[in-house]
Amino acid sequence: GENVEQHPSTLSVQEGDSAVIKCTYSDSASNYFPWYKQELGKGPQLIIDIRSNVGEKKDQRIAVTLNKTAKHFSLHITETQPEDSAVYFCAASYDYKLSFGAGTTVTVRA
Amino acid sequence: GAGVSQSPSNKVTEKGKDVELRCDPISGHTALYWYRQSLGQGLEFLIYFQGNSAPDKSGLPSDRFSAERTGGSVSTLTIQRTQQEDSAVYLCASSPQAAQETQYFGPGTRLLVL
Numbered sequence: 003g004e005n006v007e008q009h010p011s012t013l014s015v016q017e018g019d020s021a022v023i024k025c026t027y028s029d030s031a032s033n034y035f036p037w038y039k040q041e042l043g044k045g046p047q048l049i050i051d052i053r054s055n056v057g058e059k060k061d062q063r064i065a066v067t068l069n070k071t072a073k074h075f076s077l078h079i080t081e082t083q084p085e086d087s088a089v090y091f092c093a094a095s096y097d098y099k100l101s102f103g104a105g106t107t108v109t110v111r112a
Numbered sequence: 116g117a118g119v120s121q122s123p124s125n126k127v128t129e130k131g132k133d134v135e136l137r138c139d140p141i142s143g144h145t146a147l148y149w150y151r152q153s154l155g156q157g158l159e160f161l162i163y164f165q166g167n168s169a170p171d172k173s174g175l176p177s178d179r180f181s182a183e184r185t186g187g188s189v190s191t192l193t194i195q196r197t198q199q200e201d202s203a204v205y206l207c208a209s210s211p212q213a214a215q216e217t218q219y220f221g222p223g224t225r226l227l228v229l
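Those protein sequence lines, which keep their order, are chains A and B.
Under the numbering used here, the residues of the first sequence are numbered 3 to 112, in order.
Under the numbering used here, the residues of the second sequence are numbered 116 to 229, in order.
None of these hints come from the bench; they were simulated from the model.
Each hint should be verified, as a subset may be incorrect.
Claimed, not checked - Some chain A residues close to chain B (C-beta under 8 Å, calculated; not the full set): (1) P10; (2) A31; (3) F91; (4) K99; (5) F102; (6) A104; (7) G105.
Since the model is a prediction, treat every value here as computed from it, not as a measurement.
Cβ atoms here follow ideal geometry from the backbone N, Cα and C, with glycine treated the same way.
Kindly generate the complete structure, drawing on both the sequences and the hints.
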């Protein structure tokens with residue numbers, strides 16, 4: 003089955019700086035890569051996703067890049083704000099089953 | 116519109132008891148998923164429904180776990196004879212159809228087995 007590894011497990015950034023989270027996957031058949039944000043006591047919320055036919059996607063301060071050859075994808079958050087503090091999960095899928103990374107706890111320092 | 120809802124939000128039970136967790140998907144979504152999130156862990160797939168059928172139950176940890184879906188809508192996850200290792204957050208998600216569709220998650224049920 004699919005195995006997704008996510009790094010780093012924790013990330014502390016100064017407000018206004020950028021945050022980068024990286025994931026690798028094992029199954030070359032995977033072609034859908036969503037990112038979820040989970041705040042304390044809440045369910046995961048989709049923030050951005052990318053499909054294998056594109057290499058990069060951007061939505062305001064959030065961007066995701068995908069390198070299918072190397073089987074890795076990354077989340078970039080620019081101009082971080084305190085409300086960006088949360089746990090972020092990457093996932094990979096080729097059908098209906100999402101395989102998740104272990105999560106990155108992001109803390110934005112004011 | 117209304118998102119995915121789950122009940123109860125918290126459940127404390129004694130080891131050996133049975134529990135039922137409920138999920139109300141987004142109206143019109145035919146695909147429904149259950150995941151489990153253990154403390155400090157990522158999300159682990161449990162089961163997938165397409166309509167009322169469950170073509171993939173591969174993630175259910177043991178035969179103490181079962182799930183059903185009726186009317187193509189509400190789903191119930193049942194854990195029989197609960198064990199302490201069942202303590203986790205149980206998350207439900209739904210999507211309009213199935214493969215490659217965005218999955219929308221509910222808030223989860225936090226289960227604690229004493």
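**Report entry** Enumerated hints in conflict with the structure, sorted upward
**Finding:** 1 and 2
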